[in-house]
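Here the structure of chain E is known, so what remains is to put chains F and A in place on it, guided by the hints.
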Amino acid sequence: MTTIVPSGRRRRLLVVATTAVLVGVAAVAAGSSRAAGGYPTAPATKKLQRGGTITVLSAGDVDHIDPGQAYYSFTYEVTYATQRPLLAFRPKSVQQYPDLAAAMPKVSSDGRTVTVHIKKGVRFSPPVNRAVTSADVKYAIERGFDTSVANGYAAAYFGDLVGAPKSPAHRIPSIRGIQTPNSTTLVFKLQHPSGVFVGALGLPMTAPVPASYARKFDNQTQSTYGLHQVATGPYMIKSDASGNINGVGYQPNKLIELVRNPNWSAKTSWRPAYANQIDFKEGFQDPTVLTRQILSGSADANGDTPPPPAELRSIMSNSSEKGQLFFTPTGGSRYIALNTRKAPFNRFDVRKAVAYVLDRNALRLTRGGAIDGRIATHFIDPSFKNLGFTQAGGFSFNPFPSKNFSGNLGLAKSWMRKAGFRNGLYTGPEVTMVSDNTPPGSNTAQVVAADLAKIGIKVKTVSVTHATMYTRFCGVPKNEPNICPNVGWLPDFHQPQTVLDVTFNGKNITSVNNSNWPLLNVRSINNEMNRAERIVNPSARYELWGKIDQQVTRTAAAIPWLWEQYPSLFSKRVTPAPELWNGGGPDVTFMAVK
Amino acid sequence: MAPVLEIRDLHVTFRTRDGIVQAVDGVSLDLARGGTLGIVGESGSGKSVTGLTVMGLTRLPNATISGEVLLDGEDLLRLHDDRLREIRGKRIAMIFQDPLSSLHPLYKVGWQIEEAIRAHEHVSPHAARARAIEALRSVEIPSPAEFVDRYPHELSGGMRQRAMIAMALVLGPDVLIADEPTTALDVTVQAQILELIASLQREFHTAVLLITHDLGVIAETADEVAVMYAGRVVEQGPLETILDGPEHPYTWGLLRSIPRLDVPRTARLRPIEGSPPSLIHPPSGCHFHPRCPYVMPMCRSMDPELLPSDADHLVACHLSPTEKRRIWRGLQLEEAAAS
Amino acid sequence: MTRYLVRRLLWALAMLVAVSALTFLIFYTFPSADPAALRAGRQATPALIAQIRHQLGLDQPVYVQFGTYMKDLVLHGDLGYSYQNNVSVRSEIFSRLPATISLTVGAVVIWLAIGIPVGVISAVRPRSKLDRAVMGASLVGISAPVYFLGLIALFLFASDIGRVHLFGGAGSYVPLTQNPRQWFSSLVLPWFVLAAAFAAFYARMVRGNLIEVLGEDYIRTARAKGLSERRVVFRHGLRAALTPVVTLAGLDIGILLGGAVLTETVFNIPGVGRFAYDAIINSDLPAIQGTVLFGAVFIIVANLIVDILYAFLDPRVRY
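Protein chains in written order, with numbering that gives the first Met the number 0: chain E, 0 to 593; chain F, 0 to 338; chain A, 0 to 318.
Do not take every clue at face value.
To be verified - Covered stretches of chain F (chain A as the covering partner; in silico rule of three or more C-beta atoms under 8 Å from a C-beta of chain A):
| hint | stretch |
| --- | --- |
| 1 | 82–88 |
| 2 | 91–104 |
| 3 | 112–122 |
Since the hints were made in silico from the structure, they are not lab data. Here a beta-carbon is modelled for each residue, glycine too, at the ideal position from N, C-alpha and C.
Isolated chain E, as found in the complex (with noise of 0.2 Å):
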């Protein structure tokens, strides 16, 4: 039932009733302005009310507690309401502001050092309760390459740094390209210009970690920090006077509940924080009965379960309720990835005889048809706008094209003949496939199997829990299947080097933990992205990457069939808020009890 997609981040669990029939759904109302990244427009003019309660309702529980391990939409949205990185984002839009930066960093001309001043007046939350200084964030960083802590991006985002450690420290290492020479300056000094440095001080590993207060916990073998962090945003989670979280505002899948930040001000913030308290209530498995829940009023957001389909079809076509819900691109797409250093697959002929058999809109009916999504003809989603989706060719760029998407089976066989197949028709041994156990996850799979039965390829599949798939088969290339059809990638911010270059970089390629699934390794595109990782200048970057995704596309290597899009559901009490930046969860620092 549960989904999860791994990404740069987690995406949030997509989970499906078992009940739930998988029909197609025709097009989405016509009338929802809501439908493929529709947003809520201007928000009400009335001044909105401060006080009440919000709930929001999950089936799982934060990946991590300790924002300095924080790698998961779903967790990002109590992350981001309690502690303040660098920058941060406002609902409605990809786009980075300052939020504990008092202004955006500064970049060198030779993209090697980057300055950031942070605001005076933020304060830690009780007990530590004095004010932010750049030692914090310096301390914050340097912790999360501590295996205690063992942040799962600082190597991809923050290992540039000069004195960066290279291999996991078994101490908080003291990294000297991060220096502070004020209490309010930090400057950062890297070994090479990047083109995401900038993007990745919006993470939450950049929110101030007071060091005296947290090095006891962060001392242990794994640190226990989580359990008595402080905050610096809007909310804290509830806590008892010695600062522990655990059992009183933190009770594992169970609940989190946060509170107003007494030593928050306003004044350095542009956060609303109209409600007094968030409740974060977990443990709800069942996706109908959430949605019941939310549309009763007696909660009020999903936090990471869409609707199922059948709800989804219910609201829209019911209008007192059509106007609760919104569908908020992911940023990612989902795609099928074939196993390029084996046969059949290491085979071009093959590979593009396979993306021309694939009915992308069967694919996509699996997952509830067109309420889910677009079907992706490259990687760079439509979010991404002049970030990379235009440069890349925006909705026109699809090598692989068929009548409504639902595959072309004479280009297929054709391709198969020019491999050396005398019918079109496959004649090889047996693939393997190693796919979810359930929807739909495993009737994606499915159809990948029937398609390729006609181009004479017998799929052998073996069918895993979702987790399972991922650590044991597909994110170990060697025992990685010739065909891993559940995999997809979330972006870690709008930036297109974090959607195409741990995913398609041949030097990104591990021996565990692999997230190079086709284990693409094409000397000539590696050396593009590898450039590109170091343009500083914006538009130079977006144009190279959008050449990259259509490099990596025509490889055929791995085939996108969705770009999907969360449907986020708000009760009638309260003002919605769903962030575009994070796949759509609610940003309960925007939301109003009405």
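Below, chains F and A without anything else, positioned relative to chain E:
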């Protein structure tokens, strides 16, 4: 003296999936006050059903009962359930074949006896216990005060049956129905139990209806005997008369089939030929005719009535009295010759 | 009896060790997700994953890991820490036990209160219309999946999303000490849903046992003593028919205390069952071990209690 129990033309049928079972087909018997009537017959003869019907234990949805059962003049068949329950256990009691399965396995023996008492009389638990101990003493159980706290499975077969008898007689009923009371016991114990019943009967002046298939038991204890076959009484009379001068082919068969100690071991047993009839489709006319060595044409069509052949000797057979006596004498001579 | 108890306790300990070992074995033999990779996150380098694997002790041979686990358990009562969020498994289980106990006890009371009378009535009037209706309904109760029944119950009676606003909906559970009324209201639907299948099963069992018992000779004797029919059916009949029922109820309680996963999931009750389910989804070995062990302890203890209880209920059984 009027009989304490009179059964008049009792018919009992059961509706079953396979048809209507005619278990008791016109039985009339008298039980003298303080006397012992033995009912003998094979399985399926209807003897147990007769006993159960007297107790009112056959009042089931699928049963049809007609006739009269008079206990001191009161027709038990017409009584309301509640009134019948007052009589059951107090004025008529019944003991059964297997005392292990007939006593409740989870309650102490004393408790079960006390329950029998307190169902009919308002006595304190203490008094009831004392009476239970007394009752056990009267059936010659050693250390009755300890025995009272034992469970049925802790006792031997003989002890159990004694306990059952104690439970049945503790309220001094007028009639005791004993359905195969010794069949499940060792031969040596059998004799003791029969002795016990006889002595208690003398002491309390209880009438006993002894139901059994075992002629040996009858010979020991009964004053009167009734022989039943296929739901009917075929012969009835005082014990000596029946043993010395039986006049029904079935009775002859029964007596001849008893294995004897005074014949060579290699001598063959002499069973009654054939097998018991179906009670759903009983044979026409005389129920015994298919197995009777002396069958005549009229036996197949006419039911023989139970008629007196002598003062208190009744027989249901079409053979003429002379023929019967001749045949019986012939059989007796055969016996004498064989030994 | 003492020797019997000692023997049983030793056997129980052996069983618990075996169960722990088996869980370990299953976890490592069958393909399940790699906890170190899950913990590390998507872009973590292999070096980092190896580090985490080392931290969690996962790079040691299975028998060494098992030995460490047993040592911690026996010497310190320590059940380890969750791979997922690093909280103490023991404290999590204990904090969730009250919810599971609340759910179990309530359901037991209801299913016995419904199942036994229904079974008695059916047994006393076998093959009547009432009997047939009840047995038919009980078939539905046994066959309907718990999850499905739970959803139906919520869609009909939940105070937030039901057609009739009667009882607390999913996720409304609070501890008894916090708010008795809400505690009760949140448990009514789960109690009935959980009890449904059991009530049906017990009704059929009581009916079957009682019909059989009422055909026994000692029932005939009881009637022959002139006892009222009520006394015969209850004091003599039911008393004998219930002995296996009581012992079975004891075993069922033991099993349920390990967590009624489906009921806790659909109604979002934060009990041990939910915890076990989450643990399995997340490949959280310490949590899985902890819940399995707890479940095993409850079952073993329940077995023991039931066996001893049987000796009290049936004097023919002696140790």
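Results for each hint:
1. 82–88: holds (count 5)
2. 91–104: Since three or more residues must qualify, the claim that chain A covers the stretch 91–104 of chain F holds, with 9 doing so at under 8 Å.
3. 112–122: holds (count 4)
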